[in-house]
Amino acid sequence: MSTTKNDDVTINNVDLGRKPSVWEVLSSEKYFKWMLIIPLLLVLLVFMIYPLIYSIFNSFFDADLSGRVAVGLKNYKDMLRDTDFWIPLRRTAVVTVVCIVSEILIGLGIATLWNRNFKGENVIRGLILLPLLVAPLILSIVWNFLLEYDIGFINQFLAAIGIGRVKWWAPSGALFTICGITVWQWFPFSASVLLAGLKSLPKDTFEAAQVDGAKGWQVFRKLTLPMLTPLIMIIVLLRTMWLIRLFDPLYGTTRGAVNTELLDWMVYRTSFVYFDVGYGSTLAIMSLYLTIIIAALMYRQLIKALDASK
Amino acid sequence: MYNKDSIGKRIAFWIITAIILLVVLGPLLWVYLTAFKPAQDIFTGQLSQQFMFTPTLENFDRLFNQFPFFQNLLNTLIVSVVSTIFVMIIAVPAAYSFARWNTGGGHLLFVTISTRMFPAVVAALPFFIVFRNLGLLDTRTALVLLYMYFNVSFATFLLYGFFRDVPAELEQAALIDGYGRFNIFRRIVIPLILPGIATTSVFCLIWSWNEFLFAFLFTRNAAKTVTVLISSFWGSIDIQYGTMAAGAAISILPTLIAAWFMQRYIVRGLTFGAVKG
Numbered sequence: 004m005s006t007t008k009n010d011d012v013t014i015n016n017v018d019l020g021r022k023p024s025v026w027e028v029l030s031s032e033k034y035f036k037w038m039l040i041i042p043l044l045l046v047l048l049v050f051m052i053y054p055l056i057y058s059i060f061n062s063f064f065d066a067d068l069s070g071r072v073a074v075g076l077k078n079y080k081d082m083l084r085d086t087d088f089w090i091p092l093r094r095t096a097v098v099t100v101v102c103i104v105s106e107i108l109i110g111l112g113i114a115t116l117w118n119r120n121f122k123g124e125n126v127i128r129g130l131i132l133l134p135l136l137v138a139p140l141i142l143s144i145v146w147n148f149l150l151e152y153d154i155g156f157i158n159q160f161l162a163a164i165g166i167g168r169v170k171w172w173a174p175s176g177a178l179f180t181i182c183g184i185t186v187w188q189w190f191p192f193s194a195s196v197l198l199a200g201l202k203s204l205p206k207d208t209f210e211a212a213q214v215d216g217a218k219g220w221q222v223f224r225k226l227t228l229p230m231l232t233p234l235i236m237i238i239v240l241l242r243t244m245w246l247i248r249l250f251d252p253l254y255g256t257t258r259g260a261v262n263t264e265l266l267d268w269m270v271y272r273t274s275f276v277y278f279d280v281g282y283g284s285t286l287a288i289m290s291l292y293l294t295i296i297i298a299a300l301m302y303r304q305l306i307k308a309l310d311a312s313k
Numbered sequence: 084m085y086n087k088d089s090i091g092k093r094i095a096f097w098i099i100t101a102i103i104l105l106v107v108l109g110p111l112l113w114v115y116l117t118a119f120k121p122a123q124d125i126f127t128g129q130l131s132q133q134f135m136f137t138p139t140l141e142n143f144d145r146l147f148n149q150f151p152f153f154q155n156l157l158n159t160l161i162v163s164v165v166s167t168i169f170v171m172i173i174a175v176p177a178a179y180s181f182a183r184w185n186t187g188g189g190h191l192l193f194v195t196i197s198t199r200m201f202p203a204v205v206a207a208l209p210f211f212i213v214f215r216n217l218g219l220l221d222t223r224t225a226l227v228l229l230y231m232y233f234n235v236s237f238a239t240f241l242l243y244g245f246f247r248d249v250p251a252e253l254e255q256a257a258l259i260d261g262y263g264r265f266n267i268f269r270r271i272v273i274p275l276i277l278p279g280i281a282t283t284s285v286f287c288l289i290w291s292w293n294e295f296l297f298a299f300l301f302t303r304n305a306a307k308t309v310t311v312l313i314s315s316f317w318g319s320i321d322i323q324y325g326t327m328a329a330g331a332a333i334s335i336l337p338t339l340i341a342a343w344f345m346q347r348y349i350v351r352g353l354t355f356g357a358v359k360g
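Which chain is which? The protein sequence lines are A and B, in order. Note that this note's numbering has the first sequence beginning at 4, numbered continuously upward. Note that this note's numbering has the second sequence beginning at 84, numbered continuously upward.
Just so you know, the hints here were simulated from the structure itself, not pulled from any lab data. Just so you know, even glycine gets a beta-carbon here, dropped at the ideal spot from N, CA and C. Wrong hints could be hidden among the right ones.
[Stated by the list, open to error] Residues on chain B that point at chain A, a partial pick, calculated with CB under 8 Å:
id : residue
1  : THR100
2  : TYR115
3  : GLN123
4  : PHE126
5  : VAL358
[To be verified] Straight-line C-alpha distance at most 20 Å; calculated DMTMM-like pairs for lysine to aspartate or glutamate:
id : chain 1 : residue 1 : chain 2 : residue 2
6  : A       : LYS80     : A       : ASP279
7  : A       : LYS206    : B       : ASP248
8  : A       : LYS36     : B       : ASP88
9  : A       : LYS77     : A       : ASP87
10 : A       : LYS33     : B       : GLU252
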């Protein structure tokens, strides 16, 4: 390979008149952008690629913490036959749908209510954001306390106003109690996103619609909702990714008992309570595939919605 | 147009708004109410006693004297701060590279963000085995490394949004003046996105502060964090609600204060910058 003298000495169009130092080469136009991301790539390689390959590898073994025996696809076959796998999977789907639908409906309601100028607007919009950054584990323990049958405040209040005590942690309803706690923490998120969306919509379009005699519901359905669709898609996408691996609220309340075991709790129990490393890895990989498939499908919808709104 | 609302409509508006605030803030206020409540009033069946009681500091006293609360608080603080520093050292240059040159043609950025879809449990088991072999279980080092991995993709993506707002013209002007790329980055670009760096850092701090699963799996005593201690109050034979509330009251205070000052950025942060609330 022939290099001209000029190539060696020109960095950032400055003629140095000598051989450039390593530092000068690295911070040159050509290499600088790569130098900047090397640390990130190293971290991803070590902390993402390694566990992924290790888990896939382990899923073909019957393994615990002391040793392993190769078993081929046995873990995957076991999983497909295991009702202990399908039931948590179905529960996870139920929780995801119930939570997202509730959060968006409540969020839409609040966003519509607050889409106006009122006194203390900024303070109130700020106050509802507070639970979003508090540890979900701590909030779920607090809720567990509030919902206690005898001494919990909620039941005492319900008894006092004549509704009577509710068995919040009964096997038939505990899953929905967990949904309730999750919705409580996250409806401020969808409310804030949708309110930000409503506030940024062009006012003249709505005035024009009103002049044309459109009724409230028609305006909402034909005008507001289509314009909010990309934001709703973003909420659905993010919330699905987070809800598939709901863990903290389970630990803070039922600990997977009374019909509330979800997918990631099952992974945790298999891997860290029974130390069945092989099967635990198989379940973990399934949980990952599921997230990726759903995220990819929704990502495509989101791109479509974003294009359509332009 | 809103001033035309009738009195009835306005009253309804404020009643609903008050209910929303009560629902959202009630449980948070309850934590502080319970933290100052004497034990006999916590375990009462009387509704009136839930509000009428003589405030006491006995819960805080027990928390600090019978439990390693101070040590756990210190662990949480050290782990959060150190991991956040590492995250920023890695994420700031990477985000700049992605924003200015679209390094890797968008694919690398997608790989980066996809780590955020990664279930923590997938990573937990391999790390558990590696850390056990390296003797890192129950150390703050282990948590620092895990939280670095946990937050770095999010931080890169959020910073990417901030870097994209920096006009490239400024850098081109500096290039013509003979500045090297590194000096432009250090002297011109970084000062311009300091607010972005601050915002991202606070998010990383809060998430490390709140994290439970890794802390629970990877620590026993020495490196235990506050969330793990608080989780241990429930599930024991006699549930220490008062002590738990006192611990929660202290540990959520920094996040509540941060949340208040960060309101402008919370929506932007949680949507990875997709929505500029």
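Now for the hints, and whether the structure bears them out:
Hint status for THR100 of chain B: holds, given a least beta-carbon distance of 7 Å to chain A, under 8 Å. Among the interface hints, the one on TYR115 of chain B is violated; its C-beta lies about 11 Å from the nearest C-beta in chain A, farther than the 8 Å criterion. Against a cut-off of 8 Å between C-beta atoms, the interface hint on GLN123 of chain B is violated, since the closest Cβ of chain A lies about 11 Å away. With a cut of 8 Å, the hint placing PHE126 of chain B at the interface with chain A holds, because the nearest CB-to-CB distance is about 5 Å.
Hint on VAL358 of chain B holds. Least Cβ distance to chain A is approximately 5 Å, under the 8 Å limit. The suggested pairing of LYS80 of chain A with ASP279 of chain A holds, with an alpha-carbon distance near 16 Å, which does not exceed 20 Å. The hinted pair formed by LYS206 of chain A and ASP248 of chain B fails the criterion: a straight-line CA distance of about 26 Å is larger than 20 Å. Straight-line distance between C-alpha atoms of LYS36 of chain A and ASP88 of chain B comes to about 57 Å, which puts the hinted pair past the 20 Å bound.
A distance of roughly 16 Å separates the Cα atoms of LYS77 of chain A and ASP87 of chain A; the hinted pair therefore holds under the 20 Å criterion. Taking the CA atoms of LYS33 of chain A and GLU252 of chain B, the gap is near 19 Å; set against the 20 Å cutoff, the hint holds.
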